[in-house]
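2 protein chains.
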Amino acid sequence: MPTTFAADSVGLVTPQAIEFTQPLALACGRTLDQYTLMVETYGELNADASNAILICHALSGHHHVAGYYEGDTKPGWWDSAIGPGKPIDTNRFFVVGLNNLGGCHGSSGPNQIDPKTGKPYGPDFPLMTVKDWVESQARLADYLGIQQWAAVIGGSLGGMQALQWSITYPDRLRHCMVIAAAPKLSAQNIAFNEVARQAISKDPQFHDGRYYDVGEVPKTGLMLARMVGHITYLSDDGMREKFGREMKEGKLRFDFNPQFEVESYLQYQGERFSTAFDANTYLLMTKALDYYDPASEFNDDLSLALQQATAKFMLIAFTTDWRFSPERSREILDALVDAGKDVSYAEVDSPQGHDAFLIPIPRYMEIFRAYMERIAADIPPSTQEKGNAS
Amino acid sequence: MPTTFAADSVGLVTPQAIEFTQPLALACGRTLDQYTLMVETYGELNADASNAILICHALSGHHHVAGYYEGDTKPGWWDSAIGPGKPIDTNRFFVVGLNNLGGCHGSSGPNQIDPKTGKPYGPDFPLMTVKDWVESQARLADYLGIQQWAAVIGGSLGGMQALQWSITYPDRLRHCMVIAAAPKLSAQNIAFNEVARQAISKDPQFHDGRYYDVGEVPKTGLMLARMVGHITYLSDDGMREKFGREMKEGKLRFDFNPQFEVESYLQYQGERFSTAFDANTYLLMTKALDYYDPASEFNDDLSLALQQATAKFMLIAFTTDWRFSPERSREILDALVDAGKDVSYAEVDSPQGHDAFLIPIPRYMEIFRAYMERIAADIPPSTQEKGNAS
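From first to last, the protein sequence lines stand for chains A and B. One point on numbering: in UniProt numbering, the residue at position 17 of the first sequence is 17, and numbering is uninterrupted. One point on numbering: in UniProt numbering, the residue at position 370 of the second sequence is 370, and numbering is uninterrupted.
Careful, some of the hints might be misleading.
You can't tell identical chains apart in this list, so a pair holds if it fits in one copy or across any two.
Stated by the list, open to error - Below 30 Å or equal to it, Euclidean Cα-Cα: the simulated DSBU-like pairs (lysine-lysine) are: (1) Lys202 <-> Lys242; (2) Lys119 <-> Lys184; (3) Lys219 <-> Lys202; (4) Lys219 <-> Lys242; (5) Lys116 <-> Lys242; (6) Lys131 <-> Lys251; (7) Lys248 <-> Lys341.
These aren't lab readings, by the way, just hints derived from the structure by calculation.
Using the sequences and the accompanying hints, generate a full structural model.
Set out below in structure tokens:
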């Protein structure tokens, strides 16, 4: 943790665990009778709760979006975009981050204790869908006294949640920002997820998901899953720029150990992840990705699915993102245009592939900042005065 | 096996094991004192051995390139291109296929007995490079009495061998056909290979490569390696066309089993491969791919590396191939043009990704056939008469 915080940092933050006791019926047919959401907020909610922004996280994200925990040297995962004076300006907005249900950072999920059994849920935790998450986030909004979000914002799987908000609760958000996302996974996306799932579930230390009971972790499976994932987050060009064919020891060795920089990097990333993330959560998150397909209930017509939306939309894609390429964002764009919605679209030139959505690329941040001005302008004027006066 | 063979099939074929006793010094610094190559030939060598075509195989290929084995229902891996009247016309050409050293189909390799120990080589089999293979193939040419190949032809890793032939033995081939290849792997290519290697080597049944001794096979590792590989052989578009989001049971189930067609397909491919291919060979083949970089000895100037080549070149790439994209073939093209060589280049429009090079796509086969006419025309006339008269 820095000894002093930068002027544009939200500084020291503390998460809170919020208990929900109203049963939540899930898409899979099961019900969570009670559950916990880990939540973090930055900035202040104005008097009529009209300046709230919900941040939805992607596959391996969580509620710690910005700022620092006591003793930490690294800030939250989207600290570059959130803080006083940053694109999501905490002087103006009240920002809410949460760990989704099924996650592994304190919200109810496979690695948490099932109150009914006193043991970790493990593989018995129900499968979640994007719609279920939106429902749980709506309950969180109720709890926080937020009737309508100024904006729901998310990248990748987080973007899918933002999109779903506009369909399920059209009246509860004024703006919807969908970054580096897709309206559904392609066969190739699903295929990569399935490789990750097979790697985890066939790891002998997975024990059918009950590895908590035996004090083991399917490290190899999670490492492989992360390695595959990581390749799909980077671009071919970006990897060429970053690693090329650089060798660890400057010249070829003839053995089976990694000798190119890119191999060591991936192994390091994979190994770090394998002890920091929960395997059951990884399975659940990839399944939620696979399942998402809002058009499926609307005769496979995404435009029809979005007909009921009333939010204004901002879509952002990155040129070298091949996990969710700009083409995929344009599918959403086309559907919104067909449905006659208010939509803006920006394609940001960047070599960083899918990962770009987390990186403060200058042009991206400019676009982000400009759109946040629109969101701020749409906060009802009376409210703004009230907020300023309070 | 068909009861009768099509007129354009080479029909029933038999491989032969050829023993070599002259020691082969390898790039890794070690020497193979003696070795076996499994070889298959189709058509007849003409009197002055000027109509011979060498087929170099890719990662999981072998000597059984065309025709049928007794009892088999499926022909060799490139049967679509080789036979009487087919693009590589066995009425005109003498076609040679071999299993490369380090392979697992009968040539000396990890799964074969090391004559020095009486046990399988396993991980003690030396690492091979494309150059080593070219050297072993040159010895095979000597054995067969072939001073100069009419053409050396290969796809993918096989294309790299064809390219290397033109550099190492410029006088020993008249034509060089490099299909769906690249002059070296990109960081992304290496990364995918490393995922496969980690999956295999971290499988508890790998036993440091000595799994033969305990009667086990690293099935899961090989399955994962193949699944990842397979995704990179297909194109995003091709997978969309072939599988889309089709579900096995027509509707969503909420469990962790595969439910999309693409998942089942990949699992099937992976499982089939895991019992049919040798894990040590897979490691070795991917390392040979990683190592290949003919420009590295020429100040990273591919054009300089190819300066000594005298063959005529035909390069073919496929539009949706993202493992070795057309851009990669054009790197070879540009280097050959810069070096003032005789080179033709064709980019074939196809949705099948990298796999396209094995598929008899009509336009591809037309181009192939047309170029084979050029190769036939370059067989010295006196020889052709002699050949026809013999």
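To see whether the hints hold, each was checked on the structure:
1. Taking CA atoms no more than 30 Å apart as the test, Lys202 paired with Lys242 passes between copies only; the shortest distance there is 27 Å, against 32 Å inside one copy.
2. In this homomeric assembly, Lys119 and Lys184 never come within 30 Å of each other (Cα to Cα): the closest approach is 35 Å inside a single copy and 52 Å across copies.
3. With identical chains, the CA atoms of Lys219 and Lys202 are at most 30 Å apart both within one copy (11 Å) and between copies (10 Å).
4. Within a single copy, Lys219 and Lys242 get their C-alpha atoms as close as 26 Å, which meets the 30 Å cut-off; across copies the closest is 33 Å, which misses it.
5. Taking the shortest Cα distances, Lys116 and Lys242 never come within 30 Å of each other, neither inside one copy (49 Å) nor across copies (45 Å).
6. Only between protomers do Lys131 and Lys251 lie at most 30 Å apart by alpha-carbon distance; the minimum there is 17 Å, versus 52 Å within a single protomer.
7. In the homo-oligomer, the alpha carbons of Lys248 and Lys341 never lie at most 30 Å apart, since the shortest distance is 52 Å inside one protomer and 35 Å across protomers.
Checked against the numbered hints given earlier, this structure breaks hints 2, 5, 7; the rest are met.
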